[in-house]
Amino acid sequence: MRIPALLFIITLLGTGTMLPAQDFYRISADFSVKSQGDSLGNLTMGRLFYDENIGQLIYDIRFPQEQTWVFSDSSIFRYQSDSLLEATVGASVADFSLFHLALNNDLRHYGLKGSIYDLEGVEKEGDLVISTWRPPGPLSSTLGKVLISSKANRLYGIVFFNAEEEVLRKQFFRKYQNINGLEFPTELIDIFFLDEGKQYQKTNYSQIRVNETDHPEHYRFSAPQ
Amino acid sequence: MKKATLTLSLFMAVVFTAFAGNANHFNFNEAEMDQALQQVEAAESFVAENPGVSYQELNQNLDVNLSATPVIGATQSEPPLGVPSWIWGACLGVAGLAIVYFVTEDKEETKQALWGCVGVTVVGLAIWLITAGTLFASASTI
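Residue numbers (our numbering), protein chains in the order written: chain P, 264 to 488; chain B, 950 to 1091.
Hints were generated in silico from the structure; no laboratory data involved. Treat the hints with caution; some may be incorrect.
What follows is a set of in silico ranges between Cβ atoms, one per label pair, in the way DEER data are often shown [to be verified]: (1) 440(P) to 1000(B): 36 to 42 Å; (2) 1012(B) to 438(P): 28 to 34 Å; (3) 487(P) to 1002(B): 38 to 44 Å; (4) 1001(B) to 303(P): 42 to 48 Å; (5) 1005(B) to 401(P): 26 to 32 Å; (6) 325(P) to 1012(B): 18 to 24 Å.
Some residues of chain B that are not near chain P, with every Cβ distance over 12 Å (derived) [stated by the list, open to error]: (7) 1022; (8) 1076; (9) 1079; (10) 1080.
All C-beta atoms in this analysis are idealised placements derived from N, C-alpha and C, irrespective of residue type, glycine included.
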């Protein structure tokens, strides 16, 4: 009896270790971006699509105007009614987006782990675990540190400083949802510390779908001919 | 064993104390934000309840002043940390591009960073080619 039991345990352990980690590769969500300037307010709503194998981050904007913005590996395109409004070549941003980081489980360090920034230290204060990241030595006189905090093992906030230790920008990642095993923040708060004062921006995500197999055409944008 | 534990505890205490005090940076005035975004939030609810409404109709109905231009990402246009974006690209390459995007999410700034990155790459390549050529020529004459 002991041998079958042992075999059963070994099989069980073996199966457990051989199970592949959940592979997330595709995400879509409704989004709304809200900010208020001195006189003009901004409200942008629509749905976004990202497939990391295709490498296009597509914003299908419905308000205030119907437009499609495509962030690809080397360019940003803005279309309206099949007409190209603007193309900016040379800005590879899709790989550094919130969506790419979340799909690749790199959100906790916001992609700074493995970057040129050095981890200076880690502290725990209350329910926050705060890591301090510094630019490399030669640049430390002109660049400031970056603080990243996590709460309950999830990215909570990022604070960008200048070299004079003044806060430039804060970001907060809140209201996480677990979508089929993927932890994703459904609210992103941005605070910009400008000369004219603080400016707030709030982005909300809803109707989030992960690894959606329906409508694969939404994840690949083909330029109108 | 006790000594080792004590030493480790002291070390951790010193490390944590050295970096203590950063938690206050992760606070913000939520009431202030709610007040600042009150009108835009109301506009969002209106659009959700009235699909297809235009921003002109919304401006009239809610007495708000919404921009006709979509905005995604940052609303500031300053280079990150006050450092010109091309320097980010030149000094930090792809990582510099990422930082420019993280901080500004501004296309023009990111483009400048790219040009810095490309410039340094071209100069580096030229130096490498000249050095390699010189070494090859020297080796050929030996």
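Evaluation of the provided hints:
Checking the proposed 36 to 42 Å range against residue 440(P) and residue 1000(B) shows it is violated: the Cβ atoms sit about 24 Å from each other. Checked against the given bound of 28 to 34 Å, the beta carbons of residue 1012(B) and residue 438(P), roughly 30 Å apart, stay inside it. At roughly 26 Å, the beta carbons of residue 487(P) and residue 1002(B) sit outside the given window of 38 to 44 Å. For the pair residue 1001(B) and residue 303(P), the supplied restraint of 42 to 48 Å is violated, since their beta-carbon distance comes to about 22 Å.
Under the hint 26 to 32 Å, the C-beta atoms of residue 1005(B) and residue 401(P), about 52 Å apart, miss the expected range. At about 22 Å, the beta-carbon gap between residue 325(P) and residue 1012(B) stays in the expected band of 18 to 24 Å. The beta carbon of residue 1022(B) sits about 8 Å from the closest Cβ of chain P, which is not more than 12 Å, so the claim that it is off the interface is violated. For residue 1076(B), the shortest C-beta to C-beta distance to chain P comes to about 19 Å, beyond the 12 Å cut-off, and the non-interface label holds.
The non-interface label for residue 1079(B) is consistent with chain P: the shortest C-beta to C-beta separation is roughly 24 Å, beyond 12 Å. Chain P leaves residue 1080(B) outside its interface by the beta-carbon criterion, the shortest separation being 23 Å against a cut-off of 12 Å.
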